[in-house]
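Please take these sequences and the hints and turn them into a complete structure.
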Amino acid sequence: MNIQDYKGVFVFAQQVDNVLSGIALELVGKGKDLAKDLGVDVTAVLVGSDVASLADELAEYGADKVIVVDDPELKEYRTEPYAHALASVINEYKPEIFLIGATAIGRDLGPRVSARIHTGLTADCTQLEIGDFPINPIPGREQLHNQLLMTRPAFGGNTIATIACPEFRPQMATVRPGVMQKAPREAGRKAEVINYNPGFTPDNKYVEILEVVKAVSDTVDIMDAKILVSGGRGVGSPENFKILEDLAAVLDATVSCSRAVVDAGWKPKDLQVGQTGKTVRPNVYFAIGISGAIQHLAGMEESDIIIAINKDETAPIFDVADYGIVGDLNKIVPALTEKLKEAIANK
Amino acid sequence: MKIVVCVKQVPDTKGGVKFNPDGTLDRGAMLAIMNPDDKAGLEAALRLKDQYGAEVTVVTMGLPKAEEVLREALAMGADKGILVTDRVLGGADTWATSQTLAGAIRNLEYDLIITGRQAIDGDTAQVGPQISEHLNIPVISYAQDIKIEGDSVIVQRQYDDRYHVLKVQMPCLITALAELNEPRYMTPGGIFDAYDAEITVWGRADLKDVEDSNLGLKGSPTQIARASDKVRKGAGEKVNLDVTESVDYIIDKLKVKHVI
Chain E
2 MNIQDYKGVF VFAQQVDNVL SGIALELVGK GKDLAKDLGV DVTAVLVGSD VASLADELAE
62 YGADKVIVVD DPELKEYRTE PYAHALASVI NEYKPEIFLI GATAIGRDLG PRVSARIHTG
122 LTADCTQLEI GDFPINPIPG REQLHNQLLM TRPAFGGNTI ATIACPEFRP QMATVRPGVM
182 QKAPREAGRK AEVINYNPGF TPDNKYVEIL EVVKAVSDTV DIMDAKILVS GGRGVGSPEN
242 FKILEDLAAV LDATVSCSRA VVDAGWKPKD LQVGQTGKTV RPNVYFAIGI SGAIQHLAGM
302 EESDIIIAIN KDETAPIFDV ADYGIVGDLN KIVPALTEKL KEAIANK
Chain B
373 MKIVVCVKQV PDTKGGVKFN PDGTLDRGAM LAIMNPDDKA GLEAALRLKD QYGAEVTVVT
433 MGLPKAEEVL REALAMGADK GILVTDRVLG GADTWATSQT LAGAIRNLEY DLIITGRQAI
493 DGDTAQVGPQ ISEHLNIPVI SYAQDIKIEG DSVIVQRQYD DRYHVLKVQM PCLITALAEL
553 NEPRYMTPGG IFDAYDAEIT VWGRADLKDV EDSNLGLKGS PTQIARASDK VRKGAGEKVN
613 LDVTESVDYI IDKLKVKHVI
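Respectively, the protein sequence lines represent chains E and B.
Heads up: the first sequence at position 261 corresponds to 262 in the working numbering, and the numbers run straight through without jumps.
Heads up: the second sequence at position 107 corresponds to 479 in the working numbering, and the numbers run straight through without jumps.
If you are wondering where the hints come from, they were derived from the structure by calculation, not from laboratory data.
Warning: the hint list may mix true and false statements.
One side of the interface only, derived from the structure: several residues of chain B facing chain E at Cβ under 10 Å [what the hints assert, rightly or not]: (1) Ser-504; (2) Leu-538; (3) Leu-549; (4) Gly-606.
Straight-line distance between alpha carbons at most 20 Å, and here's what the computed EDC-like set of lysine to aspartate or glutamate pairs gives [claimed, not checked]: (5) B:Lys-610 / E:Glu-343; (6) E:Lys-268 / B:Glu-554; (7) E:Lys-215 / B:Glu-554; (8) B:Lys-539 / E:Asp-305; (9) E:Lys-312 / B:Asp-517; (10) B:Lys-610 / E:Asp-305; (11) B:Lys-625 / E:Glu-339; (12) B:Lys-539 / E:Glu-209; (13) E:Lys-312 / B:Asp-620; (14) E:Lys-340 / B:Glu-617; (15) B:Lys-627 / E:Asp-253; (16) E:Lys-332 / B:Asp-624; (17) B:Lys-590 / E:Glu-143; (18) B:Lys-627 / E:Asp-323; (19) B:Lys-625 / E:Glu-343; (20) E:Lys-332 / B:Asp-533; (21) E:Lys-312 / B:Asp-532; (22) B:Lys-625 / E:Glu-303; (23) E:Lys-342 / B:Asp-533; (24) E:Lys-268 / B:Asp-517; (25) B:Lys-519 / E:Asp-305; (26) E:Lys-348 / B:Asp-620; (27) B:Lys-629 / E:Glu-303; (28) B:Lys-539 / E:Asp-204; (29) E:Lys-340 / B:Asp-620; (30) E:Lys-215 / B:Glu-427; (31) E:Lys-332 / B:Asp-620; (32) B:Lys-627 / E:Asp-313; (33) E:Lys-312 / B:Glu-554; (34) B:Lys-625 / E:Asp-323; (35) B:Lys-610 / E:Asp-329; (36) E:Lys-332 / B:Glu-617; (37) E:Lys-215 / B:Asp-517; (38) B:Lys-629 / E:Asp-305; (39) B:Lys-625 / E:Asp-305; (40) B:Lys-610 / E:Asp-222.
All residues carry an ideal CB built from backbone N, CA and C; glycine is no exception.
Right, dumping it as structure tokens:
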């Protein structure tokens with residue numbers, strides 16, 4: 002591998018049902034920053050079936066180039082044809098950096114692609130920057146410049162590690178959704194569109210999709226909510242989430258939950274906050290009956306204001322709460338809802 | 373049917389997290405457990421064994437102490453435990469770890485390989501899919517249900533807003549979610565037998581078709597540039613009031629912060 006041959010920042014523009022995922026635009030935004038530091042272009046790699054029309058949106062959010070891999074085999078996400086698409090694009094166009102969203106798709110696709118092309122992959126990054134490796138000069142060792150420094154939480158969010166991939170290209174990272182900012186949309190901005198199809202021949206690794214079952218959900222994405230009313234196992238039952246929903250209705254807030262609630266089957270996975278769920282940073286986060294396992298804290302501790310209600314005064318959630326209330330949620334939450342109704346009506 | 377399950381011994385971060393006085397994690401004071409997603413993978417394998425009949429071999433890579441999770445797996449009902457341990461394998465990132473495990477699994481017969489989706493210490497979710505790539509077999513990640521039909525598996529694969537029902541011919545690799553099932557307890561007889569059971573120990577020389585340049589710290593493409601314990605934002609106020617006072621307290625804070 003000649004590292005000098007690898008140029009440019011590529012991002013995987015994830016789409017589902019031919020709608021770009023939020024992470025696609027976030028990665029274009031971040032990729033643009035990194036590309037600027039390196040003096041190169043940012044290229045979005047759009048993979049799917051009949052997806053070419055999405056290239057304009059990627060351009061308006063900052064992509065300089067869009068590589069479109071369009072094939073009927075790519076209609077629904079499947080590991081093998083998508084891995085083949087990305088590995089082929091990497092071998093053909095040789096980017097120095099390749100970013101993928103740390104979604105349920107990207108966390109499957111990233112490892113398969115990085116293993117196929119033999120490079121490193123850093124998971125669930127929350128910060129990316131261009132810098133030197135080693136970060137501080139070490140006598141007798143060459144300090145490499147223009148390296149991608151990838152920072153990620155580990156150990157359930159208790160430690161922070163910065164990783165480099167100095168000897169292999171591309172430098173690959175999956176990036177946690179909701180952390181990077183998308184760039185402002187520039188209407189009418191154009192990108193160079195390149196159509197590329199490496200050919201798709203089904204083999205033993207192509208799985209068959211028997212059924213696609215979509216979760217019925219009319220709720221706001223919890224990552225977009227300004228106020229979250231989040232419940233944990235302490236809420237006690239799926240029926241008792243009613244008191245959280247009532248509180249959320251008064252505040253025009255959205256209900257979310259901890260992993261324990263999803264594991265118990267009380268709420269769907271898309272409402273889960275935490276390391277294996279979503280990372281949220283609302284203006285106000287109510288943690289109600291949530292003990293605060295560090296995996297949960299990792300997904301919500303960047304919230305502006307954290308209000309915790311829990312009967313166990315030793316619950317770890319109080320270690321990150323701005324305002325902690327030790328008490329019975331079954332009494333406090335309904336009373337709070339009533340009082341808020343009055344307070345808002347009298348405003 | 374032959375099933376290989378990969379498990380990892382990890383420090384228990386759930387519930388029993390211990391901190392040093394300076395706020396950093398006290399790893400020495402934490403229990404070492406079988407990684408929860410891996411345990412769900414093992415349970416899934418044992419259920420397939422109960423239902424269809426299977427030989428379940430459990431493989432772990434780690435320090436000699438990791439033998440503990442193999443004995444636990446045997447006590448739950450696994451048939452064979454293999455510990456892959458060698459100084460030259462230390463410091464491995466996910467690339468080198470997956471190369472090591474693939475090198476071990478090449479010695480075994482298998483229809484199905486099951487790994488946990490991710491370990492609670494690293495949280496990368498990479499090793500399972502990477503093993504499948506090295507072995508050139510299909511992968512289905514994030515499995516929330518597994519069934520066997522003839523020479524195929526039918527798996528519910530979870531996504532954020534949906535699941536896919538997928539069918540693939542074996543051999544294949546599946547990564548399991550902890551939500552998949554409730555792992556069984558070890559049986560007293562199982563514990564007794566597991567204590568005496570022989571654990572197979574493999575070192576570098578036992579790995580098949582793997583180059584030295586892909587193993588251990590030296591074979592790891594990713595390198596740590598910096599590591600630090602995370603500085604958490606400190607606790608704010610904590611109050612213990614009656615219901616009415618609690619409500620007034622919250623409303624007051626919401627007003628001060630201009631939320632209402």
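**Prompt:** Among the hints numbered above, which are violated by the structure, and what are their numbers in rising order?
**Reply:** Numbers 5, 7, 8, 9, 20, 21, 23, 25, 30, 32, 33 and 40, in rising order.
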